[in-house]
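Chain residues, written in single-letter form:
There are 2 protein chains.
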Amino acid sequence: MSQLYIYNTLTRKKELFTPLNPPFVGLYVCGPTVYGHAHIGHARPAITFDLLFRYLRHLDYKVRYVRNITDVGHLENDADSGDDKIGKKARLEQIEPMEVAQYYADSYHHDMELLNVLKPSIEPHASGHILEQQEMVSKILEKGFAYISNGSVYFDVAKYNKQHHYGKLSGRILDDLLTTTRELDGQEEKHNPFDFALWKKADPEHIMRWNSPWGEGFPGWHLECSTMSMKYLGEIFDIHGGGMDLLFPHHECEIAQSKIATGHDTVRYWIHNNLITINGQKMGKSLGNSILLSEIFSGNHPLLEQAYHPMTIRFFILQAHYRSTLDFSNEALQASEKGLNRLLKTVAQLDALPVSEQSTIDVTSWVKNCYDALNDDLNTPVMIAHLFDMARLINLVKESRESINAADLDILKRQMHLFLEDILGIKMEQAESGESELLPKVIQLVLDIRQEAKKNRNFELSDQIRNQLGGIGITVKDRKEGADWEIE
Amino acid sequence: MSQLYIYNTLTRKKELFTPLNPPFVGLYVCGPTVYGHAHIGHARPAITFDLLFRYLRHLDYKVRYVRNITDVGHLENDADSGDDKIGKKARLEQIEPMEVAQYYADSYHHDMELLNVLKPSIEPHASGHILEQQEMVSKILEKGFAYISNGSVYFDVAKYNKQHHYGKLSGRILDDLLTTTRELDGQEEKHNPFDFALWKKADPEHIMRWNSPWGEGFPGWHLECSTMSMKYLGEIFDIHGGGMDLLFPHHECEIAQSKIATGHDTVRYWIHNNLITINGQKMGKSLGNSILLSEIFSGNHPLLEQAYHPMTIRFFILQAHYRSTLDFSNEALQASEKGLNRLLKTVAQLDALPVSEQSTIDVTSWVKNCYDALNDDLNTPVMIAHLFDMARLINLVKESRESINAADLDILKRQMHLFLEDILGIKMEQAESGESELLPKVIQLVLDIRQEAKKNRNFELSDQIRNQLGGIGITVKDRKEGADWEIE
Numbered sequence: 355m356s357q358l359y360i361y362n363t364l365t366r367k368k369e370l371f372t373p374l375n376p377p378f379v380g381l382y383v384c385g386p387t388v389y390g391h392a393h394i395g396h397a398r399p400a401i402t403f404d405l406l407f408r409y410l411r412h413l414d415y416k417v418r419y420v421r422n423i424t425d426v427g428h429l430e431n432d433a434d435s436g437d438d439k440i441g442k443k444a445r446l447e448q449i450e451p452m453e454v455a456q457y458y459a460d461s462y463h464h465d466m467e468l469l470n471v472l473k474p475s476i477e478p479h480a481s482g483h484i485l486e487q488q489e490m491v492s493k494i495l496e497k498g499f500a501y502i503s504n505g506s507v508y509f510d511v512a513k514y515n516k517q518h519h520y521g522k523l524s525g526r527i528l529d530d531l532l533t534t535t536r537e538l539d540g541q542e543e544k545h546n547p548f549d550f551a552l553w554k555k556a557d558p559e560h561i562m563r564w565n566s567p568w569g570e571g572f573p574g575w576h577l578e579c580s581t582m583s584m585k586y587l588g589e590i591f592d593i594h595g596g597g598m599d600l601l602f603p604h605h606e607c608e609i610a611q612s613k614i615a616t617g618h619d620t621v622r623y624w625i626h627n628n629l630i631t632i633n634g635q636k637m638g639k640s641l642g643n644s645i646l647l648s649e650i651f652s653g654n655h656p657l658l659e660q661a662y663h664p665m666t667i668r669f670f671i672l673q674a675h676y677r678s679t680l681d682f683s684n685e686a687l688q689a690s691e692k693g694l695n696r697l698l699k700t701v702a703q704l705d706a707l708p709v710s711e712q713s714t715i716d717v718t719s720w721v722k723n724c725y726d727a728l729n730d731d732l733n734t735p736v737m738i739a740h741l742f743d744m745a746r747l748i749n750l751v752k753e754s755r756e757s758i759n760a761a762d763l764d765i766l767k768r769q770m771h772l773f774l775e776d777i778l779g780i781k782m783e784q785a786e787s788g789e790s791e792l793l794p795k796v797i798q799l800v801l802d803i804r805q806e807a808k809k810n811r812n813f814e815l816s817d818q819i820r821n822q823l824g825g826i827g828i829t830v831k832d833r834k835e836g837a838d839w840e841i842e
Numbered sequence: 355m356s357q358l359y360i361y362n363t364l365t366r367k368k369e370l371f372t373p374l375n376p377p378f379v380g381l382y383v384c385g386p387t388v389y390g391h392a393h394i395g396h397a398r399p400a401i402t403f404d405l406l407f408r409y410l411r412h413l414d415y416k417v418r419y420v421r422n423i424t425d426v427g428h429l430e431n432d433a434d435s436g437d438d439k440i441g442k443k444a445r446l447e448q449i450e451p452m453e454v455a456q457y458y459a460d461s462y463h464h465d466m467e468l469l470n471v472l473k474p475s476i477e478p479h480a481s482g483h484i485l486e487q488q489e490m491v492s493k494i495l496e497k498g499f500a501y502i503s504n505g506s507v508y509f510d511v512a513k514y515n516k517q518h519h520y521g522k523l524s525g526r527i528l529d530d531l532l533t534t535t536r537e538l539d540g541q542e543e544k545h546n547p548f549d550f551a552l553w554k555k556a557d558p559e560h561i562m563r564w565n566s567p568w569g570e571g572f573p574g575w576h577l578e579c580s581t582m583s584m585k586y587l588g589e590i591f592d593i594h595g596g597g598m599d600l601l602f603p604h605h606e607c608e609i610a611q612s613k614i615a616t617g618h619d620t621v622r623y624w625i626h627n628n629l630i631t632i633n634g635q636k637m638g639k640s641l642g643n644s645i646l647l648s649e650i651f652s653g654n655h656p657l658l659e660q661a662y663h664p665m666t667i668r669f670f671i672l673q674a675h676y677r678s679t680l681d682f683s684n685e686a687l688q689a690s691e692k693g694l695n696r697l698l699k700t701v702a703q704l705d706a707l708p709v710s711e712q713s714t715i716d717v718t719s720w721v722k723n724c725y726d727a728l729n730d731d732l733n734t735p736v737m738i739a740h741l742f743d744m745a746r747l748i749n750l751v752k753e754s755r756e757s758i759n760a761a762d763l764d765i766l767k768r769q770m771h772l773f774l775e776d777i778l779g780i781k782m783e784q785a786e787s788g789e790s791e792l793l794p795k796v797i798q799l800v801l802d803i804r805q806e807a808k809k810n811r812n813f814e815l816s817d818q819i820r821n822q823l824g825g826i827g828i829t830v831k832d833r834k835e836g837a838d839w840e841i842e
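Chains A and B, in that order, are what the protein sequence lines are. If you count the first sequence from 1, you need to add 354 to reach my numbering. If you count the second sequence from 1, you need to add 354 to reach my numbering.
Please keep in mind that the hints were generated in silico from the structure rather than gathered at the bench. Watch out, some of these pointers could steer you wrong.
Any copy will do: because identical chains look the same in the list, a pair fits if it lies in one copy or spans two.
As the list claims (entries may be wrong) - Once the Cα atoms are required to be at most 30 Å apart in a straight line, the calculated DSBU-like pairs of lysine-lysine come out as:
#, residue 1, residue 2
1, 522, 368
2, 516, 613
3, 513, 544
4, 767, 831
5, 513, 493
6, 808, 368
7, 692, 795
Keep in mind the model is a prediction, meaning the values are calculated, not measured.
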């Protein structure tokens, strides 16, 4: 059952997954940039690689899952706050980038917890690895594949491309790229428009800065992932994941700089999840269709017809294959919500299912089919279709049109929970919400019935109700103005 | 109301709190060392400074609260894994200190959330500020108050003490200390037993290490707090807090090294919470009486008679003044639990309180008394006594033995919630637990009554029950074998 085939973006085919150093697996995934709340686009990589993490652990691998926090941002003071003003301003009055980063990282963690995304083994911060990043810059400079220009250090892509293929992950050719690219801002420092910064000189208005051998500045964005993945997983590690939007240039740059720093490739399997569209359109702040996860959970957004439970979102994402685009719409979400509720309702009734001598249901094949789907590049839509098939059969058993024996029912129960809860990560008790607000209402309803019974001098019923409530831990206290209650 | 007096350990008296740079307040508190789960001793500083954070914000200060994570630990590989073996071992097979640190930091955060301790504004990691710590070591070396010895850098306490008073915070005199101290391990590198490491050379078995101008090593423990507090709060900041166990030598060392690095004192108010004893004894792992927070919440510890709700623990800690020792015992906790439940129950009935034309209760004085207690060095036991007094009066109003008018009731409700929830941080809806398991039982009870009514051909009642359940969102479905229900 543990023959997991996974699509490797680098080779463009599904490959049998074999860790470098079993039973250990090293998994690195590009995490969020914490200068804003998480939107629906953040949910997809988080859930995709959470599924992979969960499934690898289910297959008894010892997984070290590293997902970074990009907190070396580009926050600046107001344009008119020159060098001098900053110097005079008290530290506490300034925006503190780390305070902003902490706020959004906390918000991200909160959303991930609601989505039942497991915490990674290590969540390193880019700002916490400045020394390591500087050491990697020095190595690349020593090897002659970077140059210093006006206090910044750039990677020399053209020189790299003479010996290696810059673009091998995304299937690009540097010469083609060069002929179709316009000059961008700040290019005058670079020898070549595709060169990228390993270390950036900090302008006076940059408030996040560190000393370095090249002057005060901050590390280039691509550098952090190379540095931190190797620090925690070793110079060669199993899996590097991320969204397809990071494929180029971020991951190409990672490949190039790591190759020069170490002399070899560092990543064995590159895995990318596809993107989310909204009502068929690309998502973007400028398009006005970017929806925060908190807005989805509350329903508070003009594009939303209702609030959606985090488990609906999770199920919706898993109902598509991670390499397919996924279109986000009210219709699609409502369909997922309905389907998940139907599925959970059926599963909740498994304990009460009548047992027969013989099974007409082939549970063993069903289990195999589910694993086959997972092993086929994490094909969750097919796997979930098998879960729905089984739900249909379970309902037929209830109607005595199919039957199941005790041994099969045991397997079914165990595997259904493994598939739904452990691997897909659906939190079953959370899927129905708002229960705690209901309790006082139902208790009041009971007390009203009792009050009515007393009025009708039906003291037998009224005493029975008090005793039964007492039996489940709710004490009733009769007062002049009616009955009061208390949980023991 | 905002005349907060707070006890400054440095001056040994209560002082009027006036921020350096109002409305901003900088608050630094020594956080946990994340190489073990949090125990009851961790709850006290967390809740004490959470109270201070909440109250300062209530007083409309803009507080930047920095609480560090000490993750530069002393984890070592097995003694027999010498340099060579480590080099050959794959990265993934080694213990990764950051994975251990992440695990325990996550556990700490989970416990703090249960205790309703607010997240600090910034939670910097010691391992994330190596560069800054190295820069501070260099400064102290340049000023001539540190020396390099066998790859480590030590602070020269004797030299410092000739110009300044080493021990001024804890009231110690260096000469007295020296005559009563035995030689300890590793002292041969030091000029003086009280010299402390700013940078420690890493032994071969140390797996957490960074390059530095003095060789591979790691920063001394005292250094991180000085570095990170100044980085995020400025070279002079308002409040430095921590447990009394950190007063000496940790905070003394902070004072000394910061004074040399900056030329002045950096902290304006030093605040220390007192310690927790268990059944009258000092707490300690070796004494076998160290209780984890998770054990308290589950009741799973030989010293515990029951589980205690996190809000009981919080209330228990706030019922003592933060500068008093606090003895942890089942009797004391049970008393807190009872008291809190009584208080919350009364507060929950405020909405239903009968209103009169006149008040016999002096709500204005009560509000003032509560603030006076808080302003008197955060005297929460006195403040909580006022809350109990008011609860007693509220119960008398219910019995028509006291009265309250509408305006006073409004003030009372608002202030009671502010005091209990916003300032003391008691999460009211959480204080009563286990409710979600009760709901299905109560619904079943209602359906049983309805079944009985149907049996007695009392269809009026049975329909009424179905309609009332429907009205609060619970659909009843009649089946052959009885009724089923569903939350809409």
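Hints violated by the structure (numbers, ascending) = 6
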